[in-house]
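One letter stands for each residue in the lines below.
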Amino acid sequence: MDLPEFACFSPFLPAEWGAAHGVRLRRLARLPATASRAAREGRCTYAANAVELARAFLAGGGAGAVFTTSCDQMRRSAELLAPAERVFLFNLPHTWETPLPHRLYRQELLRLSGFFCRAGGRAFSEEELVAAMRRFDEARRELLARQERLRAAAFARQLFAFHERADGSLPEAGLDEAGPARGPGIAVLGGPLLERDLWLFDLIEESGGRVLLNATDTGERTLPRCFDRGRLAADPLGELADAYFGHIPDVFRRPNSELFRYLRRELEARAVHGAVLVMPVWCDFWRAEAERLRAWLPCPLAAIDLADDANGRERARTRVQALLETIS
Amino acid sequence: MISPFPPRRIDVVEWDALRERLLELGLEEPWYGGPLGRHVAQGDSRLLRLSFDNSPAALRLWNFLLSEEERLFAARARGDHIIGTMKDLGIVPLFAYALPRTLAFYPDGAWWIPCVMELSAGLLRFADEIGLDESFCPVRAMVGAFLGEGHFPRPDLVTCSVGATCDDFSAIAQRLNGFGVPVLWWEMPHVRAPDPGEEVERLPSGQAVPAVQVRQVEVEFARIARHVVELCGEPLTDERLAAAIARANGIRAQLDELRRAVFLAPRAPLPALELLIAEMLAIHYCSDRDETEAVLADLIAETRRRVASGAGYGDGTEVRVFWVNPVADLTAMNLLEACGGRLTGTDFMFCHALDPIPVERPPFTALALMALSDPLAGTAAERARRVAAGARRFRAEAVLVSRIPGASHCAYEGEFIAERLRAELCIPVAEIEVPPMSDSVQPVLRTRIEAVLEAARKRRSER
Ligand code: SF4
Ligand code: SF4
Numbered sequence: 001m002d003l004p005e006f007a008c009f010s011p012f013l014p015a016e017w018g019a020a021h022g023v024r025l026r027r028l029a030r031l032p033a034t035a036s037r038a039a040r041e042g043r044c045t046y047a048a049n050a051v052e053l054a055r056a057f058l059a060g061g062g063a064g065a066v067f068t069t070s071c072d073q074m075r076r077s078a079e080l081l082a083p084a085e086r087v088f089l090f091n092l093p094h095t096w097e098t099p100l101p102h103r104l105y106r107q108e109l110l111r112l113s114g115f116f117c118r119a120g121g122r123a124f125s126e127e128e129l130v131a132a133m134r135r136f137d138e139a140r141r142e143l144l145a146r147q148e149r150l151r152a153a154a155f156a157r158q159l160f161a162f163h164e165r166a167d168g169s170l171p172e173a174g175l176d177e178a179g180p181a182r183g184p185g186i187a188v189l190g191g192p193l194l195e196r197d198l199w200l201f202d203l204i205e206e207s208g209g210r211v212l213l214n215a216t217d218t219g220e221r222t223l224p225r226c227f228d229r230g231r232l233a234a235d236p237l238g239e240l241a242d243a244y245f246g247h248i249p250d251v252f253r254r255p256n257s258e259l260f261r262y263l264r265r266e267l268e269a270r271a272v273h274g275a276v277l278v279m280p281v282w283c284d285f286w287r288a289e290a291e292r293l294r295a296w297l298p299c300p301l302a303a304i305d306l307a308d309d310a311n312g313r314e315r316a317r318t319r320v321q322a323l324l325e326t327i328s
Numbered sequence: 001m002i003s004p005f006p007p008r009r010i011d012v013v014e015w016d017a018l019r020e021r022l023l024e025l026g027l028e029e030p031w032y033g034g035p036l037g038r039h040v041a042q043g044d045s046r047l048l049r050l051s052f053d054n055s056p057a058a059l060r061l062w063n064f065l066l067s068e069e070e071r072l073f074a075a076r077a078r079g080d081h082i083i084g085t086m087k088d089l090g091i092v093p094l095f096a097y098a099l100p101r102t103l104a105f106y107p108d109g110a111w112w113i114p115c116v117m118e119l120s121a122g123l124l125r126f127a128d129e130i131g132l133d134e135s136f137c138p139v140r141a142m143v144g145a146f147l148g149e150g151h152f153p154r155p156d157l158v159t160c161s162v163g164a165t166c167d168d169f170s171a172i173a174q175r176l177n178g179f180g181v182p183v184l185w186w187e188m189p190h191v192r193a194p195d196p197g198e199e200v201e202r203l204p205s206g207q208a209v210p211a212v213q214v215r216q217v218e219v220e221f222a223r224i225a226r227h228v229v230e231l232c233g234e235p236l237t238d239e240r241l242a243a244a245i246a247r248a249n250g251i252r253a254q255l256d257e258l259r260r261a262v263f264l265a266p267r268a269p270l271p272a273l274e275l276l277i278a279e280m281l282a283i284h285y286c287s288d289r290d291e292t293e294a295v296l297a298d299l300i301a302e303t304r305r306r307v308a309s310g311a312g313y314g315d316g317t318e319v320r321v322f323w324v325n326p327v328a329d330l331t332a333m334n335l336l337e338a339c340g341g342r343l344t345g346t347d348f349m350f351c352h353a354l355d356p357i358p359v360e361r362p363p364f365t366a367l368a369l370m371a372l373s374d375p376l377a378g379t380a381a382e383r384a385r386r387v388a389a390g391a392r393r394f395r396a397e398a399v400l401v402s403r404i405p406g407a408s409h410c411a412y413e414g415e416f417i418a419e420r421l422r423a424e425l426c427i428p429v430a431e432i433e434v435p436p437m438s439d440s441v442q443p444v445l446r447t448r449i450e451a452v453l454e455a456a457r458k459r460r461s462e463r
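So the sequences go chain by chain: Y and F.
The first sequence lines up with residues 1 to 328 when you count with the working numbering.
The second sequence lines up with residues 1 to 463 when you count with the working numbering.
In short, the hints are calculated from the structure, not lab data.
Be careful, since some hints might not be right.
To be verified - Just so you have them, the derived chain F footprint on chain Y, three or more residues with Cβ under 8 Å:
no. : region
1   : 71-84
2   : 92-99
3   : 134-140
4   : 247-255
In this text, a Cβ means the ideal position worked out from N, Cα and C, and glycines have one as well.
Just need the whole structure built from these sequences, with the hints factored in.
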């Protein structure tokens with residue numbers, strides 16, 4: 001029998017938690033051809049696309065959709081979906097410096113467990129959770145090891161495929177014949193991408209840069225930390241919660257200092273000469289940080305509005321080329 | 001002093017002449033009193049575009065509002081403790097007001113500075129320069145106001161609720177934090193329906209919420225209280241908090257009386273603009289609780305007298321309008337009346353600061369219940385339900401949902417609420433967008449407001 005499937009859009013929702021329940025918690029990134037591409041005044045394009053994806057998913061027989069409260073837009077987007085019983089809104093705390101939000105996150109995982117069970121998932125044993133966590137952990141390590149050998153868009157595609165499969169399996173290695181790009185190192189930061197946005201990586205590489213870090217919301221930045229084997233055995237749920245909620249740096253978190261700490265660490269570890277900031281149109285969180293990042297980063301920054309309009313790519317091309325001219 | 005004159009809208013220049021006359025007739029003003037014209041001279045040039053109620057109570061209200069900066073700097077000079085409470089609107093200030101020589105204010109109030117000072121303060125320009133452009137709501141003015149320290153003194157402690165709030169504020173507060181302002185962030189969970197079998201608590205509105213969410217907010221409030229205590233060096237006992245809640249409830253009762261009189265009297269005893277300002281006093285008492293009580297007492301006395309004598313604005317045939325969301329430009333409230341409407345219900349996004357706080361519950365629980373009543377923290381459906389109930393209660397004939405430019409929630413809520421209300425109430429509902437300086441769009445606003453009022457009149461005549 002096919003496993004019940006759930007759509008989701010947040011890196012803070014562990015797919016292994018779904019797997020332990022015998023369901024697939026699939027993070028979707030491929031927009032159906034029928035989806036409306038029109039950006040609506042005031043609405044973040046990613047959140048709007050998530051609604052489109054979830055609608056199509058539910059209409060196509062998906063068991064449910066899981067949204068989070070990571071931002072006002074996602075929180076309110078969940079309310080646009082019907083039927084309400086098939087939509088789960090995960091209360092994702094924004095604060096993290098005190099014990100309460102960590103406790104809250106764990107409680108929400110347990111609530112999500114109830115949702116899965118009501119929609120065809122099953123109760124699980126601790127061993128099953130541990131096994132699922134090990135499987136996903138190993139897959140993520142392998143995925144990261146592939147990064148070196150892949151062009152940026154190909155690596156991003158592999159990440160998408162891994163999240164969309166949501167069973168801990170990896171897509172074919174599919175190494176690029178061309179091998180990794182050459183040129184000055186670029187870090188790509190910012191909001192979430194959909195598969196159709198990956199032209200941006202090609203654009204950077206065609207323009208003579210090499211993407212050394214995909215720190216978008218759908219890139220390696222938002223992978224959970226590797227599980228600690230000892231803690232995994234002793235308290236799997238605690239370890240799961242800590243690896244995700246305790247470690248993923250994101251722009252909406254308050255304070256968002258961990259995002260900056262992460263960037264400092266990763267930029268220092270790689271020979272990055274320039275950065276591209278991807279801002280989904282009407283995303284307050286990323287837009288607000290653009291100027292701060294520009295002042296803070298040790299390298300020049302090109303900020304790009306990731307709009308759904310036809311001119312978007314052209315504007316992006318101009319900015320990326322200007323950035324590469326500056327640093328070449 | 002009760003007004004010796006019938007109600008009439010006057011401009012700021014007339015007010016200064018009238019004030020002279022009232023002084024001759026025995027008007028006694030509090031220390032912050034004086035001619036309204038002085039505020040214009042100090043930069044509040046939007047006052048020249050507003051029309052005001054002509055009662056001494058309204059004069060006191062405006063002087064109270066417009067002297068807040070001065071009073072905050074005076075409190076700083078006295079060495080009082082000042083807490084900047086951001087975003088929650090109406091709850092966290094109670095911790096401050098429970099303690100002696102401590103006050104709280106909302107830096108969020110900088111929202112209105114670009115309007116009141118007609119952009120002359122340069123706060124929006126500063127926001128643009130640091131990358132907080134027009135895609136953010138007018139609260140982006142807060143960063144410049146905070147850093148410049150010309151509009152309010154730097155608070156001793158700054159709190160900010162995040163989580164189920166709005167992206168605009170959270171993003172802007174984070175920028176402020178990035179400029180070196182320490183912020184005590186606290187978590188406001190999204191208010192959800194209880195899951196099957198979950199323990200339930202009831203909000204004062206009757207809405208069922210998971211008990212676990214009430215406990216979460218209690219934990220956050222206990223944390224905030226510890227910081228306040230540390231700052232002030234005074235114990236924040238249950239008795240002190242209960243006393244602060246009792247005072248808050250007194251002010252909320254005053255506002256309830258005022259609102260009922262304004263919304264239900266045959267003729268509006270107070271204009272919409274003054275009611276908006278009066279309601280705003282509930283959230284942090286405009287930095288002075290004693291004076292808030294006195295200002296409201298004057299307004300109530302004036303209103304009672306007008307209602308008793310049948311005095312008021314209009315002839316009672318104006319279209320009764322329920323207004324949703326605050327307006328970035330205060331002239332919009334005048335415009336409603338100029339178009340033939342009358343305010344008979346409001347949800348300026350802080351209705352939880354107007355509802356009575358349950359006194360039968362322990363103080364932290366009571367305040368947690370109020371925080372969870374914040375319309376921003378819940379669903380748009382719940383907010384629409386409350387608006388519909390208010391519109392029915394005050395017999396509204398139309399609803400105006402006013403969009404706030406750039407506000408992340410408006411792009412979702414506005415249309416959703418409008419659709420629900422149309423379906424549920426069968427009265428005309430319109431969405432309008434009011435920028436901080438609406439002069440250039442006033443013809444459009446006027447047309448939209450007139451259209452909805454006309455539809456309401458037509459509906460009235462068909463019934
Ligand atoms: S890009 Fe920004 S607004 Fe859009 S879903 Fe992500 S955090 Fe929310
Ligand atoms: S977006 Fe709305 S709730 Fe948030 S600060 Fe602006 S007006 Fe207030």
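Hints versus structure:
1. 71-84: With 8 residues closer than 8 Å to chain F, the region 71-84 of chain Y meets the three-residue bar; holds.
2. 92-99: holds (count 5)
3. 134-140: Check failed, 0 qualifying residues.
4. 247-255: holds (count 3)
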